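Protein chains in written order, with the working numbering: chain P, 590 to 938; chain A, 80 to 349; chain R, 23 to 289.
Everything labelled a hint here was simulated from the structure, so no lab data went into it. There may be inaccurate statements among the hints.
[What the hints assert, rightly or not] Here are some, though not all, of the chain R residues that point toward chain A, as calculated from beta-carbon distances under 10 Å:
| no. | residue |
| --- | --- |
| 1 | ILE55 |
| 2 | VAL59 |
| 3 | ALA60 |
| 4 | TYR63 |
| 5 | VAL127 |
| 6 | MET190 |
| 7 | PHE193 |
| 8 | THR196 |
| 9 | GLN202 |
| 10 | ILE217 |
| 11 | PHE221 |
| 12 | LEU226 |
| 13 | ALA228 |
| 14 | SER231 |
| 15 | LEU233 |
[Unchecked claim] A few chain P positions that, by computed beta-carbon distances, are all more than 12 Å from chain A:
| no. | residue |
| --- | --- |
| 16 | GLU594 |
| 17 | LYS600 |
| 18 | ASN648 |
| 19 | TYR722 |
| 20 | SER783 |
| 21 | ARG879 |
[As the list claims (entries may be wrong)] Taking CB as the label site, the calculated pair distances span:
| no. | chain 1 | residue 1 | chain 2 | residue 2 | range |
| --- | --- | --- | --- | --- | --- |
| 22 | A | THR347 | P | MET590 | 27 to 35 Å |
| 23 | A | VAL91 | P | ARG823 | 43 to 51 Å |
| 24 | R | TRP104 | A | GLY212 | 21 to 29 Å |
| 25 | A | TRP258 | R | GLY156 | 34 to 42 Å |
| 26 | R | VAL42 | P | GLY674 | 28 to 36 Å |
| 27 | R | ASP118 | P | ASN814 | 50 to 58 Å |
| 28 | R | VAL123 | P | ASP716 | 35 to 43 Å |
| 29 | A | VAL91 | R | THR117 | 25 to 33 Å |
| 30 | A | TYR177 | P | LYS821 | 22 to 30 Å |
| 31 | R | SER31 | P | PHE619 | 32 to 40 Å |
| 32 | R | PRO253 | A | ALA225 | 52 to 60 Å |
| 33 | R | PHE41 | P | ASP633 | 43 to 51 Å |
Remember, it's a predicted structure, so these values are computed and weren't measured experimentally. For each residue, glycine too, the CB sits at the ideal point set by N, CA and C.
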Amino acid sequence: MALIEASGLTKKFRQAVKEPGLVGSLKHFFTRQYKDKLAVDHIDLSVEAGESVAYLGPNGAGKSTTIKMLTGILVPTSGTLIVDGLVPHLRRQQNARNIGVVFGQRTTLWWDIPVVESFNLARDIYDIPAKRYKKNLAEFTELLGLAEFMNIPAGKVSLGQRMRADLCMALLHDPKLLYLDEPTIGLDIAVKDSIRKFVRRQVDERGVTVMLTTHDLGDIEDICNRIVIIDKGRIIHDGDLKALKDNYARDRVIHFQLARPPVSMDPICAGLPMCDVESDGLALSVRFDRFKFAAGEIAAAVMDHVEVVDFKIDEPEVEDLIRKVYLGQLSLTAPETAAALEPAVASEA
Amino acid sequence: MAARLRPLRRLVYIYFRCLGQQMKAILAYEADFVILMISAGIVQISGFLFIWTVFARIPNINGWTFWQVVMMYSLIFITEGVGSLFFEGTWRLSRLVYTGEFDQMLLRPVSPIVQVLAGAVGFNGLGNIITGGMLLAVSLGNVNVAWTPGRALMLVILVASAATIRVAINLGTSATAFWIRAPWSMVPFFVHQLGEFAKYPITIYSLGVQAVVVVVIPFAFISFFPTAYLFNVASWGVIGLITPLVAIYSLIMGVWAFNFGLKRYESTGH
Amino acid sequence: MRHLRKYLSLAKASLEIIFVYRAGFLVNQIGSIFYVVAMFYLWQVIFLGKAGNLGYFTWPQMKAYLLIAFLLNSLMTWFDEWQMGQDIREGRVATDLARPVDFQVKRFAEAVGPVPFELTSALCIGAIVAVAFGGIAFPSDPAHLALFVLSAALATLLKFAFIYCVSMIAFWTTGMNGIQNARFAIQSIFSGALIPLVFFPDWLRAIASVLPFQSMVSTPALTYLGTMDGPTTALMIGIQVAWAVALLLLGRLVWRSAVKAVTINGG
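With the rest of the complex left out, here is chain P:
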């Protein structure tokens, strides 16, 4: 049985429709009118223990609504949801023992007391056995470098320090499930990196299951195996991250720097079928499907016809891919063939 099992999960909000101004308020007082908003539309989601899932979608897609239902703080309108054998909103406190949460925008620490006191409070609140608490605390202190600001109130530490402390806070009670919401927002690259590595390590070594919502695709690449994309309340993609890249992010681009501008582009393009070639003076770039050609082949084909001084290879960008999905330019309903990929390539050119 999966750790998270959602079936037909739906959340409908009733929003009051009110005309602006005093007249509107008065009218509303007497005759209420409502509009239904379908935030989450019959989604099916199954997450096994130990998976690390990125939950993506444009703003307003229904991500936070889904997470709120998963954590038990929002009651679903319909559908079934079982997390570790419990219905979250019915057994909220019990579910809370199984989960750890890190919000990038807000801290879970108590603001005015030293960080270590927040941890001690967590120990009491989660009933963590003394020995386990000591062991976890020591381990996280070392891994996350918390020792330097343990005794400083949370309100006075830097953002990076606070985020690390929040991570420790979330994991002290050995939760099975870790929810991360924008965990690296606003952080510098070094701290981002150490946090991602830390989370990944928890997944690999402790078998923690991770649900990550973020707009930072570096987070996804480093932490997650699986990517679920939601838009307008529906899941439009759910699958392996590697497979996603393999199926959709197949473009690599090699940028060549030439000794002389090419006399004619025809022989070059003839040697690179199904590739997108661009030329601009001494610069030449070739976009190719990495499953069809190896970089070496492309380079060789180019060098057959022109003298190359230098070159650079661009790797497939998940960012690019996701952006296209959000903009509606790319539909991830089935693995694409090369032919179907061409319209996307064309729009890029």
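With the hints as your guide, set chains A and R onto chain P.
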């Protein structure tokens, strides 16, 4: 039986743990703490000065004497103090819901009510309790009734009941935060102000006002009826005896209101 | 006078803000009217009962007195010590220091902006209470009313000046809650808002007469009621002016040293 009590004991323990942390945080600002205490004292002294000045001119109000009114004031202050010192958190609820911070309380394996109640400490409450206590002690000295152990016990019960009623009112009205999204608590403040009426014998008010402070929001049971009982005032004193029942009822209603609001919050989100 | 425009727009902005928060403001007002209503009941019992005749006022005059106290207390509520503390903590004071505005005048402009709204609201609520309790006394002639308006304006200015001075403490301490409560309590009793100063015992009356608070409520209220003779009225209003000027100047002095402290310590 012990097993049944264990979750309750745990809640109490968590409550005091959280409250203690809040207190520690505030005590770090010593100067502010002292000023708060002193200011609470000044507020009450000025209230006392007011009654004293009034009674310097007239012998009684509707038959109620100076010391009886002082006792009513003292009960208002003491219960206010208990509310501020131990249960100030209710005043924060509106803000917590408004900013979304309240969700964090729902993500912890502890009753949100306990977390809310333990969420803040108002040290002016300590000042209120101390000066209120002194006023109470002095006014008790002017009670012309024989003190029996039963009466003394009843005093303790009445003060505890009065405090409970006050806290229950705060908790219950704070639940409006789940319906009215605002950065500060409007309805709780509004209702709290009704407590002004509880400072004086309710016999001076019109029937409508009396009905409100006795039945709708039982402020009269915080000050008036306990005072009537302790001073052994003819027919009113007897009603004082049901104060503990009113306290239990208020507490149940307060908790129910909170949970009702919480359910709505969980189904409508923000 | 180009400067005036600057402050006028600040005042206007302040008025707009309070209008946005009108719900909260009104709830505050209705909350404080409970206190007034309780007072009405209390004094009604005292005046109309056989318990005593207080001699100095008639019941209609007492009702007027209480409502004027309520009215004056309703003005300039948008400005308090706690707000100053917040402004300091959230860096608004720092940005103000970098702007070409006079700190005190700016605060005054922001404090006085909402007054039209507060005044209207208080008059409406007060009128309802007045009618419910059978009406209040009115000044015998327009001259008295005009004097009252002058006195009330001075009282409001004075209130601002005093609170401004006290709020300067915020530069040296955290948390202004306690100080504000204390100031309000002392002000309540010594301004005559809780009880007319004539009812005080002599020694308390003596203390009250040297404090600025009586000029905040008692003086304008008595001016309205016309219970003071000509010379006394002139004297009391003169005292209002004196206190207002003194406190405004004191405020400016304290502010200067506060700024020095802040800029030296880096806020």
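Going down the list of hints, with the structure as the test:
1. ILE55: With a minimum Cβ separation of about 9 Å from chain A (threshold 10 Å), the hint on ILE55(R) holds.
2. VAL59: holds, 8 Å
3. ALA60: Since chain A brings a Cβ to about 5 Å from ALA60(R), closer than 10 Å, the hint holds.
4. TYR63: Holds, about 5 Å.
5. VAL127: Because about 29 Å separates VAL127(R) from the closest Cβ in chain A, which is outside the 10 Å limit, the hint is violated.
6. MET190: It is violated, given that the least Cβ distance between MET190(R) and chain A is near 15 Å, above 10 Å.
7. PHE193: With a minimum Cβ separation of about 13 Å from chain A (threshold 10 Å), the hint on PHE193(R) is violated.
8. THR196: For THR196(R), the interface hint holds, since the closest Cβ of chain A sits about 5 Å away, which is under 10 Å.
9. GLN202: holds, 8 Å
10. ILE217: ILE217(R) check passes; min Cβ-Cβ to chain A is 5 Å, inside 10 Å.
11. PHE221: holds, 6 Å
12. LEU226: holds, 7 Å
13. ALA228: Violated: closest Cβ of chain A sits about 14 Å from ALA228(R), beyond 10 Å.
14. SER231: violated, 15 Å
15. LEU233: violated, 13 Å
16. GLU594: holds, 20 Å
17. LYS600: violated, 8 Å
18. ASN648: Answer for ASN648(P): holds, closest chain A Cβ roughly 15 Å.
19. TYR722: Label holds. Min Cβ-Cβ 14 Å, cutoff 12 Å.
20. SER783: holds, 25 Å
21. ARG879: Nearest chain A Cβ is 43 Å from ARG879(P), so the label holds.
22. THR347(A) to MET590(P): 27 to 35 Å: holds, 31 Å
23. VAL91(A) to ARG823(P): 43 to 51 Å: Since the Cβ atoms of VAL91(A) and ARG823(P) sit about 46 Å apart, the hinted range of 43 to 51 Å holds.
24. TRP104(R) to GLY212(A): 21 to 29 Å: Roughly 28 Å apart at Cβ, these two residues keep to the hinted range, so it holds.
25. TRP258(A) to GLY156(R): 34 to 42 Å: The hinted range 34 to 42 Å holds for TRP258(A) and GLY156(R), with Cβ atoms some 38 Å apart.
26. VAL42(R) to GLY674(P): 28 to 36 Å: The hint (28 to 36 Å, Cβ to Cβ) is violated, given that VAL42(R) and GLY674(P) are roughly 49 Å apart.
27. ASP118(R) to ASN814(P): 50 to 58 Å: holds, 53 Å
28. VAL123(R) to ASP716(P): 35 to 43 Å: violated, 56 Å
29. VAL91(A) to THR117(R): 25 to 33 Å: This hint is violated: roughly 47 Å between Cβ atoms.
30. TYR177(A) to LYS821(P): 22 to 30 Å: Holds - the Cβ-Cβ distance for TYR177(A) and LYS821(P), about 28 Å, lies within 22 to 30 Å.
31. SER31(R) to PHE619(P): 32 to 40 Å: holds, 38 Å
32. PRO253(R) to ALA225(A): 52 to 60 Å: Given range 52 to 60 Å: holds, Cβ gap about 58 Å.
33. PHE41(R) to ASP633(P): 43 to 51 Å: Given a distance of about 50 Å, which is inside 43 to 51 Å, the answer is holds.
Going down the numbered hints, you'll see the structure goes against 5, 6, 7, 13, 14, 15, 17, 26, 28, 29, while the others check out.
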